[in-house]
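Chemist: Take a look at the letters that make up each chain.
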Amino acid sequence: MSAEVWRAAALVAGKDLRIERRARVGAQQVAPFALVVLVLFAFAFDANHTLLRQAAPGLFWVAVLFAGVLGVQRSFSLEAADGARDGLRLTGMDPAGIFLGKAGALAGQLVVLEAVLAAGVAVLYSTSLRGGGLLVLTCALATVGLAAAGTVYGVVAASVGVSETLLPLLLLPVLAPVLLAATKAWSDALTGAPGAWGWMRILGVFAVVYVAAGVLAFGPLLEES
Amino acid sequence: MKPRYLGIAALVGLAATVALGLGVTPPDQVMGDLVRLLYIHPAVAWVAYLAFGVTALTSVLYLWPRTRSMFWDRVGASSAEIGVVFCALTLVTGSLWGRPTWGVWWQWDARLTTTALLLALFVGYLALRRVSVDPVARARRSAVAALVAFADVPIVHMSVLWWHTLHQAPTVLTPGLSNPTLSPSMGWTLLLSFLSFTALYGWLLMHRYRAAVLESRLDDEGMELALAERWAEAKVDAA
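So the protein sequences, as listed, match chains A and B. So that you can map any letter, position 1 of the first sequence is -4 in the numbering used here, and since no number is skipped, the others follow by simple counting. So that you can map any letter, position 225 of the second sequence is 228 in the numbering used here, and since no number is skipped, the others follow by simple counting.
Because the hints were derived from the structure by calculation, they are not lab data. Keep in mind that this is a model prediction, so the values were computed, not measured. We put the beta carbon where it would ideally sit given N, CA and C, even for glycine. Heads up, some of the hints might be wrong.
[As the list claims (entries may be wrong)] Chain A is faced by these chain B residues, among others (derived, beta-carbon under 7 Å): (1) 33; (2) 36; (3) 134; (4) 143; (5) 147; (6) 151; (7) 158; (8) 162.
[As the list claims (entries may be wrong)] Chain A is faced by these chain B residues, among others (derived, beta-carbon under 7 Å): (9) 129; (10) 130; (11) 135; (12) 154; (13) 155.
[Stated by the list, open to error] Per label pair, the in silico range of CB-to-CB distance: (14) 109/B <-> 192/A: 24 to 32 Å; (15) 213/B <-> 82/A: 41 to 49 Å; (16) 19/A <-> 237/B: 48 to 56 Å; (17) 213/B <-> 37/A: 30 to 38 Å; (18) 22/B <-> 42/A: 45 to 53 Å; (19) 61/A <-> 137/B: 46 to 54 Å; (20) 109/B <-> 107/A: 47 to 55 Å; (21) 82/A <-> 71/B: 51 to 59 Å; (22) 32/B <-> 131/A: 53 to 61 Å; (23) 229/B <-> 19/A: 18 to 26 Å; (24) 218/A <-> 36/B: 39 to 47 Å.
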């Protein structure tokens, strides 16, 4: 890919992150929501520490997924106001660059969210986060996949104008393998079982497929939105 | 071919499948009469996968500039609708079979989980079609969405395969088709069920496609009619 694409990506990502730094919707609404989800899970499991510790990887990733859907929605509601999407199209930037930029900004926010949630899981579910390197690597791979697939479906849902209700239906089934693989990788890493690398392969394949899909399909999808 | 002949063939075939499946074929040594679901469940599942496969194929054909035509969009949409119905039927009949043989209505087995997620993916596809207004934009958007969703299927399957596997491996469609445990009448009935359900799929697809063409004609003509009425009103006002 040319330098042009990466420059466009950096510009779009910078714009999204700057808006987040000023408006703080992610920090003040999405992250607290994710923590509330963790607290609600504790009620659902009757605050049983053994059960919560066992389920912690799955609960962590479900919370990431739910908050991630909100993040995607936020990312495209930015473009809905004041005809910003038309502006984005009229800049003449390569759509692949716009895709990489939006996905990159989303990935950056997801990483912060995951750090907050990991701290939440460690404190609320008294889980000791062993195998730190594997956990971080899992997060990195899963985040790329989540951000890429989220951005592809974000633009699909945004273009039909019912994104609040349609996006979760479209996105969550697609993300099912990410949830499964990331959960298994985390629980293997936490218990010291050897399977984590195998699950990371699935996360890697998912990330590659959806980054490629986004680079190829974002142009036509943005064009008609 | 006229849809009617295919429909007649499908209905006759299904009636024969029912008669053979319930009357002629022997019960299974282990499963008893439950084995008669063999003449419904695999064929229904096959039609569901076939229908989704056709949708993926027509999406590619629509996106390919040389073959782009609303024909592929309508066929794909019609096929997806039939696929969703048959996929739901697959899960229902599988569930009915699972309860007495496995002891549970649902198992988080690889193939069941993949099929359930496939259903969710294509329900999403249909929902997306429903909320789109402009037909051309809808065609492109839903073709892309179908392919992006379809790319997920192998990944889903790979991940859940590692996760759990309980469903029995294919026993009839083995290399060479030599299966000593299947009595000949069962084999023929099974084959007939596949052919009949496939014919049923073809018949439904033709009719659904026809309805899709009529729907779009209704939209076009309705618009023209409304325009003509407005013009007539304007003329009355002016006079």
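Chemist: Next step is simple, just say for each hint if it's right about the structure.
Modeler: Evaluated hints:
Taking 7 Å as the C-beta contact cut-off toward chain A, the hint placing residue 33/B at the interface is violated, the least distance being around 32 Å. Hint status for residue 36/B relative to chain A: violated, with the closest Cβ pair at about 35 Å, above 7 Å. Against a cut-off of 7 Å between C-beta atoms, the interface hint on residue 134/B holds, since the closest Cβ of chain A lies about 5 Å away. Given the 7 Å rule on beta carbons, the hint for residue 143/B holds: about 6 Å separates it from the nearest Cβ of chain A.
Here the hint on residue 147/B is kept, as its CB sits about 5 Å from the closest CB of chain A, short of 7 Å. At about 5 Å, the closest approach between the beta carbon of residue 151/B and any beta carbon in chain A falls short of 7 Å, and the interface hint on this residue holds. With a cut of 7 Å, the hint placing residue 158/B at the interface with chain A holds, because the nearest CB-to-CB distance is about 5 Å. Annotation: interface hint on residue 162/B holds; nearest CB of chain A at approximately 4 Å, less than 7 Å.
For the restraint placing residue 129/B at the interface with chain A, the shortest Cβ-Cβ distance is roughly 10 Å, beyond the 7 Å limit, so the hint is violated. A cut of 7 Å between beta carbons decides the hint on residue 130/B: the least distance to chain A is about 6 Å, and the hint holds. Given hint, residue 135/B at the interface with chain A, holds; its Cβ is 5 Å from that chain's nearest Cβ, closer than 7 Å. Annotation: residue 154/B was flagged as interfacial toward chain A, and the flag holds, the nearest CB pair being 5 Å apart, inside 7 Å.
The criterion of a C-beta within 7 Å of any C-beta in chain A is met by residue 155/B, whose closest approach is roughly 5 Å, and the hint holds. At roughly 31 Å, the beta carbons of residue 109/B and residue 192/A sit within the given window of 24 to 32 Å. A hinted range of 41 to 49 Å for the beta carbons of residue 213/B and residue 82/A is consistent with their spacing of about 43 Å. Checked against the hint of 48 to 56 Å, the C-beta distance between residue 19/A and residue 237/B comes to roughly 53 Å, which is consistent with it.
Between residue 213/B and residue 37/A the C-beta distance comes to about 55 Å, which lies outside the given range of 30 to 38 Å. Look at residue 22/B against residue 42/A: about 59 Å separates their beta carbons, and that is not inside 45 to 53 Å. The supplied range of 46 to 54 Å is broken by residue 61/A and residue 137/B, whose beta-carbon atoms lie about 32 Å from each other. For residue 109/B paired with residue 107/A, a C-beta distance near 37 Å fails the hint of 47 to 55 Å.
Judged by the Cβ atoms, the range 51 to 59 Å given for residue 82/A and residue 71/B is violated: they are separated by roughly 29 Å. A C-beta distance of roughly 54 Å is found between residue 32/B and residue 131/A, which places it inside the suggested range of 53 to 61 Å. For residue 229/B paired with residue 19/A, a C-beta distance near 48 Å fails the hint of 18 to 26 Å. Taking the beta carbon of each, residue 218/A and residue 36/B are about 57 Å apart, not inside 39 to 47 Å as hinted.
Checked against the numbered hints above, the structure violates hints 1, 2, 9, 17, 18, 19, 20, 21, 23, 24; every other hint is satisfied.
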